[in-house]
Each structure stands twice: as C-alpha cells, then as structure tokens.
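Asks: Listed below, chain by chain, are the residues.
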Amino acid sequence: MSIFRLVLKEILYRRGNFAMGFISIVIAVVVLTGSMTVIRFHDIRTTRLLEKKQKEADRIIAQLKDEMRVAMLKLGLNLVILPEEQSITGWYVDDTSAHYMPEEYVDKLANSGIITVRHMLPVLQQRIKWPEKQRRIILIGTRGEVPNLHKSPREAIVQPVSEDGIVLGWELANSLDLKVDDKVQLMGETFAVQRCHAERGNQDDITAWIYLDRAQKLMNKEGEINCILALQCICQGPDFANVRDDIASVLPDTQVRELGTERRLARAEARMSVAKQTKAMMETEEASRLQLRSERQKFALAVVIFVVCASAAWIVFLVASNIAERLLEIGILKSIGYSSTNIMLLFILKSAIISLSGAFVGVGLGILLGRMLAVSLEKVSFGYIGFESLVSPAIVIIPFISAVVLAVVASWIPSFVASQKDPAVILQKEAA
Amino acid sequence: MLSINNVSRFYEGSAGLVKALKDISVEVQPGDFVVVQGASGCGKTTLLLTAGAMLRPTSGLVTIKGQNPYRLSNRELERIRREEIGFVFQNFNLIPYLSVLENVMVPAGKATNRDNIKRRAGELLERFNLTERMYHKSRELSTGEQQRAALARALINEPSLVLADEPTGNLDGDNGKIVLQHLSKISENGTAVVVVTHEMQIMQYAHKRYTIEDGVLVERKDLEND
Numbered sequence: 001m002s003i004f005r006l007v008l009k010e011i012l013y014r015r016g017n018f019a020m021g022f023i024s025i026v027i028a029v030v031v032l033t034g035s036m037t038v039i040r041f042h043d044i045r046t047t048r049l050l051e052k053k054q055k056e057a058d059r060i061i062a063q064l065k066d067e068m069r070v071a072m073l074k075l076g077l078n079l080v081i082l083p084e085e086q087s088i089t090g091w092y093v094d095d096t097s098a099h100y101m102p103e104e105y106v107d108k109l110a111n112s113g114i115i116t117v118r119h120m121l122p123v124l125q126q127r128i129k130w131p132e133k134q135r136r137i138i139l140i141g142t143r144g145e146v147p148n149l150h151k152s153p154r155e156a157i158v159q160p161v162s163e164d165g166i167v168l169g170w171e172l173a174n175s176l177d178l179k180v181d182d183k184v185q186l187m188g189e190t191f192a193v194q195r196c197h198a199e200r201g202n203q204d205d206i207t208a209w210i211y212l213d214r215a216q217k218l219m220n221k222e223g224e225i226n227c228i229l230a231l232q233c234i235c236q237g238p239d240f241a242n243v244r245d246d247i248a249s250v251l252p253d254t255q256v257r258e259l260g261t262e263r264r265l266a267r268a269e270a271r272m273s274v275a276k277q278t279k280a281m282m283e284t285e286e287a288s289r290l291q292l293r294s295e296r297q298k299f300a301l302a303v304v305i306f307v308v309c310a311s312a313a314w315i316v317f318l319v320a321s322n323i324a325e326r327l328l329e330i331g332i333l334k335s336i337g338y339s340s341t342n343i344m345l346l347f348i349l350k351s352a353i354i355s356l357s358g359a360f361v362g363v364g365l366g367i368l369l370g371r372m373l374a375v376s377l378e379k380v381s382f383g384y385i386g387f388e389s390l391v392s393p394a395i396v397i398i399p400f401i402s403a404v405v406l407a408v409v410a411s412w413i414p415s416f417v418a419s420q421k422d423p424a425v426i427l428q429k430e431a432a
Numbered sequence: 433m434l435s436i437n438n439v440s441r442f443y444e445g446s447a448g449l450v451k452a453l454k455d456i457s458v459e460v461q462p463g464d465f466v467v468v469q470g471a472s473g474c475g476k477t478t479l480l481l482t483a484g485a486m487l488r489p490t491s492g493l494v495t496i497k498g499q500n501p502y503r504l505s506n507r508e509l510e511r512i513r514r515e516e517i518g519f520v521f522q523n524f525n526l527i528p529y530l531s532v533l534e535n536v537m538v539p540a541g542k543a544t545n546r547d548n549i550k551r552r553a554g555e556l557l558e559r560f561n562l563t564e565r566m567y568h569k570s571r572e573l574s575t576g577e578q579q580r581a582a583l584a585r586a587l588i589n590e591p592s593l594v595l596a597d598e599p600t601g602n603l604d605g606d607n608g609k610i611v612l613q614h615l616s617k618i619s620e621n622g623t624a625v626v627v628v629t630h631e632m633q634i635m636q637y638a639h640k641r642y643t644i645e646d647g648v649l650v651e652r653k654d655l656e657n658d
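First to last, the sequence lines map onto chains D and V.
Sequential numbering from 1 applies to the first sequence in the working numbering.
Sequential numbering from 433 applies to the second sequence in the working numbering.
Since the hints were made in silico from the structure, they are not lab data.
Where a beta carbon is used, it is the ideal one built from N, C-alpha and C, also for glycine.
Hints may contain errors.
What the hints assert, rightly or not - If you want the footprint, here are the derived chain D segments under chain V, 3+ residues with CB under 8 Å:
no. : region
1   : 7–17
2   : 173–184
3   : 331–338
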C-alpha cells in the first residue's frame, strides 16, 4: 500500500485532526492573501488616482495654454528680418548679418498695408575696430522707426539717433569716460554723445548707435541695411506663422527670426509654472498614497507574522499530538519494514495535503475578504476594482507556496522525531 | 534459519542496570514450531524483538538465514523485516483506519503489483475464514478475527520466520486454539514459527520448548522426541 493512500485513509479516519489543521491553514492563508489583496487594491487605486490627477493636470495645462495664447495676443512679438541668404548659424554666432538688403525694403514693408508688423527699424550693423580708441565695438546705424503709413502713428519705442549724435553703451561710456555732449572721433568723423545707456548686461554695453546714413557711408554700404527689427508685432497664436507669412508676401527674399522677447519669456515662464504646479500636485498625491501604503503594509505584515507564527505553532502541536496518538502504528509499520523516511513522509505528506486544501479555500476566501476590507478602507463602491484586475498570479501562488512551506517546515521536526522512534521500545511498552 | 548465540541484552533502568537476557542461545530451523516459555517480565518479548532484528543485543550474535541483521544497512535491515519476518502481537496491532484487507496488504508496500498483492491477501483471508470481513475495519471484528487478520498480515510477504508474542493472550479458549492451529499449519508449510507465551495449551503443537527465568535460559526441550 502506498504512503499516499495510507495518508488519505488516516485523514478520513481522524477528520478532527485534519479539520483543525485545515482551519489553521485557512486562517493563515486568508490573512496573507487578504493583506496582499488590500495592498494590491491600494496600488491599483493609486495608479487610477494618479492617472486621474494627470488627466486633470493635462486639462489644466491645456486650459492655461489657451488662456496664455489669448493673453499673448496682447503681448508684442519682436522679430528680425534678415536677407534670405544669411545663414542662421552665422546670425546666431556673430549676432550680425554678413549679407545686405536694400534700405527701401523697410519702406516697402511700411507701405504694404499689413497690420501685424508695427514698429520697424532699419539697421546696418557691423563689428568694427574703433581706430581712434583701439577698441572692438558693435556699430549700429539706424534712423529710428519707420511709420506705418496706413495706420495712426504710435509712440516710438526706440528713440532715433540724431544725424550728428552717437549713443553709447554702458561699457563704452564708462571705460572711455565719455558723457553726454562730449565730442568723440569715430573713423575720422566727429560725433556728439547724445545718450549713454545704463548697464544692460548684454552686448548693448559695447555698442555705439549712429545715424543710418552716416553709418552707411562709414561702412561703404550706401542704401543698404543688413536687418530690419520689427518690434511688438501682433501674433495670433503661440508661434508667429501669421507674421512670417505677412512679411514673406511683401519681402519674399527675406527670412524672419524671433528675438528673445517678453512674449517668449512669458510663455516659458507660464509653462514652467504650470509644469511645476502639476509636478508638485502629483508628488504630493503620490507621497500621500505611498505613506498610506507603507502604514497598511506595516500593519498587515505584523498581523501576517503573528498569524503565521500562531498557525505554525498550532501545526507543530497538531502533528505532535497526531504522532503521540499513532505511536503504536509507527512501531508496527517499522516492524514490518517501513523506513524512517516512510514514517516521516506519512506526517509531512499529511501536512502538505492539509496545507494545499487549506490554501485552496484560504486564497479564495482571502481575496474576497481582502477586497471587502479594501473597499471599506478606500471608501469606494464594491465594483470599483473587479476580481479580474485584482487577482494576480502572485496573489494566488505566493499564499499557496507559503502554506505548503509553513506546514511542511512546522511538521518537519515532530515528523523527524517520530521517524527516529525505536520500534522495539514502542512494542515493548505495548507488550508490557 | 534463526540462530541466537550467547545473546545478552542489558539496559539502564530507573533502578540501575537491567539484565533482560543473559547469555541465551536458541536455534530455529525452517518448519520448526518453537515455544519460548516463561513468566511475565522474564525477558521473552526482549528475546523475540532481538530475534526479529528489532533490538540490538548487548553481546552475542543473531543470524537470520546466515546474515547478522544488526550489521546490515538500514535498507537491508528494512528488507529483512519486511520479507523474512512476520510479527504477530498479543494486541493484534491492526491499523484502525484500514480495512482488514488493507491491513493485510500494508507490509507488501508498493514493491509488488497491487493486483497480485490484493489476490494474495484475498487468499490469506479466505484461508483464515475472513473473506466476508475483508472490507470491515478492525474494530468491527471479534478478537479472534483480529488475531487471524494479524496472522494473515504476517504472512503476506511469505516470510521464512514468524515471531508471535503471546498470540493467544487476549483470546478465549476456542479462538486461541484456532490461532494455534493456524500457526501449526504455517510451520508445517516450512515456515519457522517462534511463539513466546506462558500458556501451556500451545505445547501440543510445539516442536521445541525453551524456558526462561529472569533472562536466563533454564531449559531447552525437544518435544518431537517425547
């Protein structure tokens, strides 16, 4: 007769012993599975909450973007119009254009009737060596804003330079000790200092502005400019496609670039602010859920450890009492040739069967009770997370394996002690 | 078949060293029906367990079919217990949760084909008039039936040696007689039978009688020549 059959027969005979072991395993597995279910429920809910928050944040960002677009309609957009052949790399590296276009382009633009471009400044700009002062400077020739002839005049945002005047950047004025009304020689021509700028912290500090005609003569570029500044243009959206299209329709052999403006800064700041707020909101929510999970996990762990230990002790007791009850049987089986391993197997196999059947019931019950508890803790409806989402392989497999390991380990020592019993001693006692 | 030469068995008891067997020698041949007699506590059961490869002697030599079981590996010792020896106890010692048939089949383990074991167990139960009781649990049997079931269990592996410890001790006269007749038949079929008892009615079946007093063999008598 096989050991397995013997074990089954014994289980059927001593149903009480089996039932007590079974209940203890069911309780341990219910607690373990239930705890895992609550934590999994928590995790799924956290994911859903965060997804919901993310969607909400996305909605807010979209709304803010829209509001920003509307608000920025009122903000000026600063552009620079360059000759078409000017390379973008050259422009950004040197900050000046190496190519030129006719000065009349600015008048053409001003008379074109487009409304998006407002303040226009023709500019001739070069990096030069100031021979009289032995300094490298940026020399800009400009004649002030060109008015849009079809529109009512606006207040100029850049003050023009007079024909005999020169405007100096902060660094130049300071280092050369020049003040308003001082006379200064530039490339053999005399200029009166018209204005000295305060420190701007950029290349303007080493720039000198003179009247455009005089600059064209000094640079041998009569009738030519190398860029047109278009300030505070009107933009319909987050980019300036409409302005670019307007300019291209009037000056097809030019290109348009955006300058660093309040519009771009405002847009970047708004985006950063929203992103920051969103991130903070998500982090707060995540941290709060993480904290709650940690607390629940700690509590569940304590309960699981207590119940598993109690269950293990109870199994040890049950196996030991089963062994005591079956001592004579052990003696008989050994006397008819059963090995110590066979005797151990009798008890360990029984524990394994108890644990497997207990785990089978315990896992089902644990998931059901865990879900009910989680629903109550999370204050959501019972159908919030279905069984199909809640039940994972880990929730089933881990309690099963744990139950078998628990039962086998707990029954190992008493089973080993039983297997080492001397049949002669048992049978002698029985005979006496 | 079974040879016990100058065997002593001592152990530490609560009152000091107990000398359960002192320098005992017993010789059993195939087909022998040997009775070991003596009062309760004289060492009969100790001798039986020593002969049955269950209790290692303190000194002396035990051989079963020329092999010293106490020098064998555990696996070999278990094989000898299973295949060469059949035990019969005073209290029958049937396993309570098994049917009579299953009790008889237990010693066969799973070494042989289950159908063969079942057939052989059925034959034995028929031989001991237990066919109708084969699916009953042991507690549903009379004491005589239980002891006959225990006899069938001892014979399932066709052992060459049957060791019986007071097999009629818990039986009435008629049942005791039936069991002894069966043991006698077993020995007539070539199996050596050793019975330890203090009862006298067994003598009519015995070939040899050994008498023990306080662990010492005081008499050896060949009854066949009487």
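Asks: Each hint should be assessed against the structure and marked as holding or not.
Replies: Evaluation of the provided hints:
no.	hint	in the structure
1	7–17	holds (count 5)
2	173–184	violated (count 0)
3	331–338	holds (count 8)
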